[in-house]
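Top line first, the protein sequences correspond to chains A and B.
Start counting the first sequence at 1; every next residue gets the next number (the UniProt record's numbering).
Start counting the second sequence at 1; every next residue gets the next number (the UniProt record's numbering).
Hints listed in this document are in silico derivations from the structure and should not be mistaken for laboratory results.
Be a bit skeptical, because a hint or two may be false.
[As the list claims (entries may be wrong)] Within a straight-line C-alpha distance of at most 27 Å, the following computed BS3-like cross-link-like pairs (lysine-lysine) qualify:
{"hint": "1", "chain 1": "B", "residue 1": "Lys4", "chain 2": "A", "residue 2": "Lys227"}
{"hint": "2", "chain 1": "A", "residue 1": "Lys30", "chain 2": "B", "residue 2": "Lys67"}
{"hint": "3", "chain 1": "B", "residue 1": "Lys4", "chain 2": "A", "residue 2": "Lys116"}
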Amino acid sequence: MSQETKPKSEAEFYQRDRRLHPPALTPDYKTSVARSPRYSMISLQNSISEMTGPVFGHNDIDPVDNDLISNYAKAGDPVGERIIVHGRVLDENAHPVRNTLVEIWQANASGRYRHKKDNYLGALDPNFGGCGRTITDENGYYFFRTIKPGAYPWRNWVNNWRPAHIHVSVFGSGFVQRLITQLYFEGDPLIPLCPIVKTIPDPDAIEQLIAKLDLNSTIPLDSIAYKFDIVLRGRRSTLFENRLEGN
Amino acid sequence: MPQKLDYLRESASQTAGPYVHIGLAPGAAGFDIYEQELGWDIAGPNATGERIRVEGVVIDGIGSPVKDVLLEVWQANANGHYAHPDGGGPVEDGFRGWGRVITDFETGEWAFDTIKPGPVMGRNGRMMAPHLNLWIVARGINIGLNTRMYFDDEAEANATDPVINLIEWEKRRATLIAKRSERDGKPVYRFDIRLQGDDETVFFDI
């Protein structure tokens with residue numbers, strides 16, 4: 001691999017573009033009002049504290065942890081639309097993010113979470129847990145098999161419904177890349193109505209969170225596939241020294 | 001026509017929501033699914049350094065504890081090395097330096113057991129005082145909040161820490177300093193995080 005495509009590992013990460021991310025205070029999402037800082041963040045240049053992050057290996061997880069159709073099945077398969085969610089974790093330079101932990105969680109086909117705090121009347125599924133995890137391969141590739149989650153109501157305005165979504169957590173190689181986001185599904189009419197989606201000020205950034213129907217990866221007579229690429233912060237090529245240490 | 005830069009854009013953040021525990025701490029959500037949950041053992045049995053407990057509560061703008069928070073910690077070992085290929089040096093077998101905890105659903109209290117980190121080499125050869133890097137997500141928090149926890153018994157190192165000294169308002173620096181006490185002969189550091197208001201904790205854009 002050339003020097004250009006493999007930056008020295010001590011290279012700093014690009015600054016986060018806060019204009020594409022939701023700001024902290026987004027009053028239409030009511031809970032944010034009392035949970036958002038009022039002072040500006042202090043911007044830090046990267047030090048070793050920010051540029052490093054936890055390393056996970058295959059010893060940490062079970063190979064079947066990425067199969068939500070089977071990982072909680074007790075007496076049969078869960079009910080609902082069988083789907084595959086797959087894609088790549090890339091950085092802003094379009095380099096694969098290898099061997100990184102991807103964790104997901106979601107409601108079942110009824111829009112009900114297996115969580116003691118969820119009392120929605122949508123039924124629990126005895127064969128569905130709703131969480132999975134995997135580690136990307138050498139190409140940054142990952143996949144999960146699951147049930148397409150249902151929409152569900154939440155107490156924000158009186159008649160708010162979350163679009164079908166899967167929560168996604170990714171690490172990357174440095175703590176600065178730590179990201180939690182949500183995956184939405186192409187064509188869902190609830191997406192433009194959702195106050196949580198609309199915390200994101202940038203329409204292109206919203207579009208980037210919508211998984212696309214992927215017929216080429218669909219398994220005939222078995223499962224529909226959706227493709228979802230995740231982009232983490234990239235790091236600068238060290239054209240000149242960063243001088244992180246020493247003088 | 002100007003050249004177009006071909007960078008990708010980072011995926012936008014979204015709140016972790018109220019049920020973050022299902023994915024990241026399913027045992028706490030009330031069900032067993034994984035052989036092992038991640039993030040419970042930060043330092044491992046071989047780590048040198050002082051064993052400490054860190055605890056606190058996250059407080060919202062009303063002054064109420066936030067009861068559905070998930071915190072992650074990233075820290076160096078006692079020699080100031082991170083468990084990462086670019087971490088500055090070797091770490092003990094089993095030292096991970098990363099932890100994940102949730103708050104108690106009734107009280108909002110969180111706690112973790114670890115070792116006290118050593119000072120870490122910062123930019124331009126300036127040493128950083130011992131600190132923990134913390135990341136906080138919850139319902140109502142649209143993008144994870146980064147902060148640092150420093151130790152009140154490291155006053156001398158804190159005074160020259162390059163990050164603390166970036167904070168122009170000296171009064172705000174105090175929001176990053178945990179207070180040491182002893183309980184049953186074991187050191188405990190108290191670190192309450194205030195999301196909003198007069199004593200709002202300093203958060204960093206890292």
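For the pair we were handed, lysine 4 of chain B and lysine 227 of chain A, check the Cα-Cα distance against 27 Å. Within the cut-off at roughly 26 Å; holds.
Holds or violated: lysine 4 of chain B with lysine 116 of chain A, Cα cutoff 27 Å? violated, 50 Å
Has the given pair, lysine 30 of chain A with lysine 67 of chain B, been kept, meaning a C-alpha gap of at most 27 Å? holds, 16 Å
Going down the numbered hints, you'll see the structure goes against just number 3.
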